[in-house]
Amino acid sequence: MSENAGLSGQERTRSTLDPVISLTDVSKSFGSTHALDRVQLTVQQGEFVSLVGPSGCGKSTVLQLCSGLIRPSSGAIERSYENIGYIFQEPTLMPWRTVEQNVRFLGELEGMSRRESRRRAAEVLALVRLEEFDNHYPMALSGGMKMRTSIARSLLLDPDLFLFDEPFGALDQISRTRLNEELTSLFADRRFGALFVTHSVDEAVYLSSRLLVMCKRPGRIAAEFEIPYEFPRIPSIRYEPEFALLAGKVAAALAESS
Amino acid sequence: MSGAPALEPTGAEERPSKGGIGPFLRMAAPPTLVALLIVLAWYGVTYFVLEPDRRFLLPPPHGVILQGFLDGGVLTEILGGLYQTALVAVYGLAIAFALGFSMALVMSQAKWIERSLYPWAVVSQTVPILALVPLLGFWFGFGLMSRVTVCVIISLFPIVINSLTGLQSVEPKLHDLLTLHDAGRWTRALKLQIPAALPHIFTGLRTSAGLSVIGAIVGDFFFGRGRPGIGILLDRYSRRLRSEELLAAVIVACLLGVAAFWIFGVIGRRSVGHWDPSWSDKRQKR
Ligand SMILES: Nc1ncnc2c1ncn2[C@@H]1O[C@H](COP(=O)(O)OP(=O)(O)O)[C@@H](O)[C@H]1O
Ligand SMILES: [Mg+2]
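Chains as they are written, first to last, in my numbering: chain A, 1 to 258; chain B, 1 to 286.
Certain hints may be false.
Simulated coverage check for chain A against chain B, where a stretch passes if three residues somewhere in it have a Cβ under 8 Å from a Cβ of chain B [to be verified]:
no. : stretch
1   : 77 to 90
2   : 234 to 245
Distance windows between CB atoms, simulated [what the hints assert, rightly or not]:
no. : chain 1 : residue 1 : chain 2 : residue 2 : range
3   : A       : S113      : B       : R26       : 34 to 44 Å
4   : A       : S73       : B       : L130      : 51 to 61 Å
5   : A       : H199      : B       : G184      : 44 to 54 Å
Simulated from the structure, these hints should not be mistaken for laboratory data. Note that the Cβ used here is the ideal one computed from N, Cα and C, for glycine as well.
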């Protein structure tokens, strides 16, 4: 991966421990629905934080708040990222654009020069292993490839904060496992800050450096786990006894909160 | 992320090979057979149902061909009418498109605008053209202008509705993506809504093209000043009981309608068939 290390021209020295986003006592209501109650949450540069919790506990709401798409009812959100990547459950590609054109889209919005965006698109397409498919339309791609395209689209701007809202939930198990591996090496390479929402405890433990369990009505952070494995994660850790132990603890906390 | 390139199977099925005359024959044979049957039935009615003195009601197909299409004078007259009618239909469709698409674009910008304009788009569809005839004649005269106006009124609705549906068909999450990057209204329309709307717009255009042809012919009957269109010829031939010429003109009018529909089918497939499933060649409904 060394040839892709860092998007040259925009070499930021990323030091871990700088928070890219932090939520302090954030609450959110939708009308009479009290969705979130005094959520505390910090994601640092180079930290991969997962968020698991029963459905309807406010995970997506946390991401929307982080992105600024919605505002909190009370509490403070401090943002110190320059660029943000937001990956939704659906790939949300533009079907009229080829893979490459989709990937270059945010460059167009941000006024990136054509040359620069073409160069970066080639880079990120190689990162997600789609360089052979740059001229394909989304219609001709599998679910996994669409999701890779979606990730590549955000990677173009080299975001320092990545939000993921159950991105692999709609994929089959094999594609999902493979994308987990790709994501963890991508993370090891780029060291962005990540906030990753998922239903799968296994996926959360495998990917993250820190894992938060949320509970419902109103949504709160109920438990927190440190995941001690080094990055990039090797696939075989999934079969180690400690991994199972950790996943078991998380599952227990999740069951308690549901 | 090193290692062998991950080549997942793509979701798309193999396209059946396009070449060869076989598929074309299979497509074209059934309708051709129906056409033959119709001609046969036509001959049947002409020679076995109608007595000789009433045969002028349905002259035989070869009579129509001989007197309608192979007679130089008549053919020139009919082709001239065809040209006039097509011209009116094209003007009408162009204006209806400009008007209808702009309406849809404005409506897609805010709910309150949509709520204010939508009922009027519906009303435009319910206007009894006949009731407007005197008024249109009064305002625009009994020539080209009024005929074009009839076309516009008739073909406006499908364009408005289809364009609006298309402009609103964008996934909400894509809108979020643009919001995240501070895209304005204009960028949103140009880069997101209009491209997403294209398949619907072509569907609307295809429907409206047929309606515009109808409008042009109907318009002829009421606003006959100036060079005659097909509608005027139809009227003239039927008054003079020239049934061969009448049938020839009817057939030409039908072909014009079919051509209008077909042209926009081709344009639609060419422009968006490579990404929109409903316009792609593979579309095999059922
Ligand atoms: N835009 C909204 N309007 C009203 N209620 C909402 C809205 N978004 C989320 N909610 C409510 O807030 C709660 C949390 O939703 P969400 O964040 O989507 O949960 P999760 O992603 O964990 O499944 C749910 O009860 C949901 O019904
Ligand atoms: Mg959710």
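Hint-by-hint comparison with the structure:
1. 77 to 90: holds (count 4)
2. 234 to 245: violated (count 0)
3. A:S113 with B:R26: 34 to 44 Å: 52 Å, violated
4. A:S73 with B:L130: 51 to 61 Å: 59 Å, holds
5. A:H199 with B:G184: 44 to 54 Å: 36 Å, violated
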